[in-house]
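Engineer: Single-letter residue listing:
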Amino acid sequence: MPEVLQYGFMVRALVAALLVGLAAPAVGVFLVQRRLSLIGDGMGHVALTGVALGLLTGRAPVAVALVVTVVAAVGVELLRRYGRAGGDVVLAVLFYGGIAGGVVLVARADGSAATLNTYLFGAITTTSAQDLRVFGVLAAVVLLATLGLGRRLAAVSSDEEHARASGLPVTGLNVLLAVLTAVTVVLSMRVVGLLLISALMILPVAVAQQTCRSFRTTTAAAMVVGVATSVVGVVTSYYGDTPSGGTIVLYLIALFVVAAAGSALLRAARHRGHRRSARAAGAGAAAGPDVSVARSGGPASSDPGGTAVSSSPSLLAPGSSPREGA
Amino acid sequence: MSEPSTSAPLLRLRGASFGYGERVVVTGVDLEVHRGERVALLGSNGSGKTTLLRGVLGLAARTGGTVEVGGEPAPSRRSRRRTGYVPQGMSVGGGIPTTVREVVATGRLPLRRPWRPAGRADHAAVHRALEAVDMADHAREDVTELSGGQQRRVLIARALAAEPDLLVLDEPLAGVDAASAGALAGTLAALADHEVTILVVTHEVGPLADVVDRALVLSHGRLVHDGPLVPGLLGASDDLDPAAATATTRRAEGQADGADPLRHQHVHHRDEVEGRAGRGWVDHPDTRPVAVGADEHPERHRA
Numbered sequence: 001m002p003e004v005l006q007y008g009f010m011v012r013a014l015v016a017a018l019l020v021g022l023a024a025p026a027v028g029v030f031l032v033q034r035r036l037s038l039i040g041d042g043m044g045h046v047a048l049t050g051v052a053l054g055l056l057t058g059r060a061p062v063a064v065a066l067v068v069t070v071v072a073a074v075g076v077e078l079l080r081r082y083g084r085a086g087g088d089v090v091l092a093v094l095f096y097g098g099i100a101g102g103v104v105l106v107a108r109a110d111g112s113a114a115t116l117n118t119y120l121f122g123a124i125t126t127t128s129a130q131d132l133r134v135f136g137v138l139a140a141v142v143l144l145a146t147l148g149l150g151r152r153l154a155a156v157s158s159d160e161e162h163a164r165a166s167g168l169p170v171t172g173l174n175v176l177l178a179v180l181t182a183v184t185v186v187l188s189m190r191v192v193g194l195l196l197i198s199a200l201m202i203l204p205v206a207v208a209q210q211t212c213r214s215f216r217t218t219t220a221a222a223m224v225v226g227v228a229t230s231v232v233g234v235v236t237s238y239y240g241d242t243p244s245g246g247t248i249v250l251y252l253i254a255l256f257v258v259a260a261a262g263s264a265l266l267r268a269a270r271h272r273g274h275r276r277s278a279r280a281a282g283a284g285a286a287a288g289p290d291v292s293v294a295r296s297g298g299p300a301s302s303d304p305g306g307t308a309v310s311s312s313p314s315l316l317a318p319g320s321s322p323r324e325g326a
Numbered sequence: 001m002s003e004p005s006t007s008a009p010l011l012r013l014r015g016a017s018f019g020y021g022e023r024v025v026v027t028g029v030d031l032e033v034h035r036g037e038r039v040a041l042l043g044s045n046g047s048g049k050t051t052l053l054r055g056v057l058g059l060a061a062r063t064g065g066t067v068e069v070g071g072e073p074a075p076s077r078r079s080r081r082r083t084g085y086v087p088q089g090m091s092v093g094g095g096i097p098t099t100v101r102e103v104v105a106t107g108r109l110p111l112r113r114p115w116r117p118a119g120r121a122d123h124a125a126v127h128r129a130l131e132a133v134d135m136a137d138h139a140r141e142d143v144t145e146l147s148g149g150q151q152r153r154v155l156i157a158r159a160l161a162a163e164p165d166l167l168v169l170d171e172p173l174a175g176v177d178a179a180s181a182g183a184l185a186g187t188l189a190a191l192a193d194h195e196v197t198i199l200v201v202t203h204e205v206g207p208l209a210d211v212v213d214r215a216l217v218l219s220h221g222r223l224v225h226d227g228p229l230v231p232g233l234l235g236a237s238d239d240l241d242p243a244a245a246t247a248t249t250r251r252a253e254g255q256a257d258g259a260d261p262l263r264h265q266h267v268h269h270r271d272e273v274e275g276r277a278g279r280g281w282v283d284h285p286d287t288r289p290v291a292v293g294a295d296e297h298p299e300r301h302r303a
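Residue numbers (the UniProt record's numbering), protein chains in the order written: chain A, 1 to 326; chain B, 1 to 303.
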């Protein structure tokens with residue numbers, strides 16, 4: 001058995017890393033789709049207020065942070081929906097309100113700066129069995145919701161107006177995503193720390209984005225990247241005596257750089273290939289047709305198959321409508 | 001096509017007014033759309049046509065009157081599911097790669113129970129929708145890598161995947177090159193042949209002249225014409241007040257079967273504009289926007 005698995009605290013740390021590595025990208029993919037990559041940071045700041053409130057009142061910081069963050073998440077979503085503030089303004093309120101609340105409350109709670117640091121920068125090796133049970137439940141909730149309702153969350157995240165027009169419960173799904181984000185933030189804060197929470201939600205998705213072509217594969221790849229980097233990061237931090245959160249995030253950044261560079265090189269190679277084949281085709285063709293292609297706006301290249309219209313007779317075939325059975 | 005005059009209206013507005021907050025944009029609209037009809041909702045910028053469409057979809061607040069879809073008050077969950085909406089822009093593919101099939105499959109979501117995976121009927125409906133817009137061969141491609149015309153057809157397929165009774169399109173030709181616009185019009189014509197009821201909002205008729213069989217014109221938030229698609233409608237709508245509506249309609253109906261004395265001039269001017277800008281001629285400030293005869297449309301593509 002590897003040395004790292006001989007200690008109970010490391011086994012618990014690895015299980016926690018596994019849970020967070022799975023859950024954080026599963027939520028992050030919807031945040032990236034909505035171009036709200038930094039909302040996790042805002043929630044992290046609010047969680048800081050929750051942790052400080054827990055320390056001040058002598059209650060479990062994780063539980064208090066969960067309640068405060070979920071309430072803030074729902075409030076922000078409702079403000080965005082019904083208020084007049086824009087998304088970025090709401091984000092700013094979260095950032096500054098969370099930090100200010102945390103600073104003030106921590107100042108009132110004497111002698112807890114060291115404890116606060118474990119939430120700010122992560123302290124995965126201090127994960128207790130009780131923590132692990134809570135993390136397990138939170139991760140299960142996040143994974144169940146994102147996998148079970150993923151298509152709906154994706155539909156609302158990509159085109160809210162169409163989703164509303166077609167009858168999906170848009171406000172409910174937005175509130176659900178906000179709550180899931182809050183839960184993920186609280187789940188992740190012991191692993192990577194409140195200051196790096198967004199990284200674990202966003203960077204695995206950013207890595208997967210470089211190579212995948214569908215929402216489904218991007219989500220799956222992001223979860224694999226999240227788990228791999230979390231587990232490897234925790235093991236590295238054990239042997240290298242480095243902070244787990246920073247180590248995990250550095251692995252993610254390195255993967256992102258490699259994936260982005262590889263993707264750019266691949267695109268460039270493809271582009272060169274297309275140009276070469278276009279030149280070859282051009283050399284074999286007569287000079288005359290070029291004029292007509294340019295004149296017609298190049299329908300064949302800009303809209304291939306565009307002029308052919310299917311005459312599928314079964315488009316609205318009787319009896320095929322699921323509405324009848326619904 | 002079903003008999004529009006005898007069947008119950010699919011869409012009925014009675015004195016309907018729509019707006020945003022305190023501001024009423026569309027006032028007192030009465031109209032009916034019957035099954036199988038292909039209706040163009042025309043008007044210049046700011047005429048209220050998009051607000052009317054959004055009101056029918058429940059995206060703009062109704063401030064008065066009634067709206068019914070299939071004889072039932074709208075908007076309701078049921079009416080939303082009977083109405084397929086094709087928005088103007090492609091907003092999918094925000095940050096995550098998304099395939100054409102995934103986008104079209106979202107059209108089925110309102111018909112599916114939450115937590116349940118897609119069934120055989122869902123897959124079949126998505127496939128039929130993709131075939132109907134001739135995009136089945138592109139099903140696995142990333143939607144952001146498609147041309148503007150192809151993306152617009154993906155959005156039409158997404159609406160069709162729900163097998164709606166009424167297909168509502170907002171400016172389907174906006175930002176699409178002439179060749180793709182012709183192809184899109186051909187797609188809509190083929191859908192119309194399958195008795196899909198179409199309500200299309202547009203400020204440029206272009207190739208859609210071959211598709212629509214009825215025109216509604218909005219001016220200053222009021223319906224000023226309801227009748228055949230004929231030359232002069234859009235130009236007239238800019239200056240019309242509601243009191244002149246009857247006269248406009250009568251004049252338009254009178255022109256429906258006759259030759260438009262300005263038609264050749266318009267076609268000539270339109271060609272000039274397209275030559276420079278490569279898109280619709282109605283936007284041009286010097287152009288009198290009219291619908292030209294189908295036989296003179298160079299970008300016409302019929303199935």
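Among these hints, one or two may not hold up.
[Stated by the list, open to error] Here's a subset of chain A near chain B, in silico, CB distances under 10 Å, partners left out:
#1 V32
#2 A114
#3 T115
#4 N117
#5 T118
#6 T125
#7 G148
#8 R151
#9 F215
#10 R216
#11 T219
[Stated by the list, open to error] Pair ranges (Cβ atoms, derived):
#12 A228/A / E72/B: 21 to 29 Å
#13 A220/A / P114/B: 37 to 45 Å
#14 T144/B / A100/A: 34 to 42 Å
#15 G21/B / D241/A: 23 to 31 Å
#16 A8/B / G97/A: 36 to 44 Å
#17 G262/A / E72/B: 50 to 58 Å
#18 L144/A / E72/B: 33 to 41 Å
Hint data in this document are derived by calculation from the structure and do not stem from the laboratory. Think of the CB as a built atom: it goes at the ideal place given N, C-alpha and C, for glycine as much as any other residue.
Engineer: For which of the previously enumerated hints does the structure constitute a violation, in increasing order of number?
Structural biologist: 2, 3, 4, 5, 6, 12, 13, 15, 16
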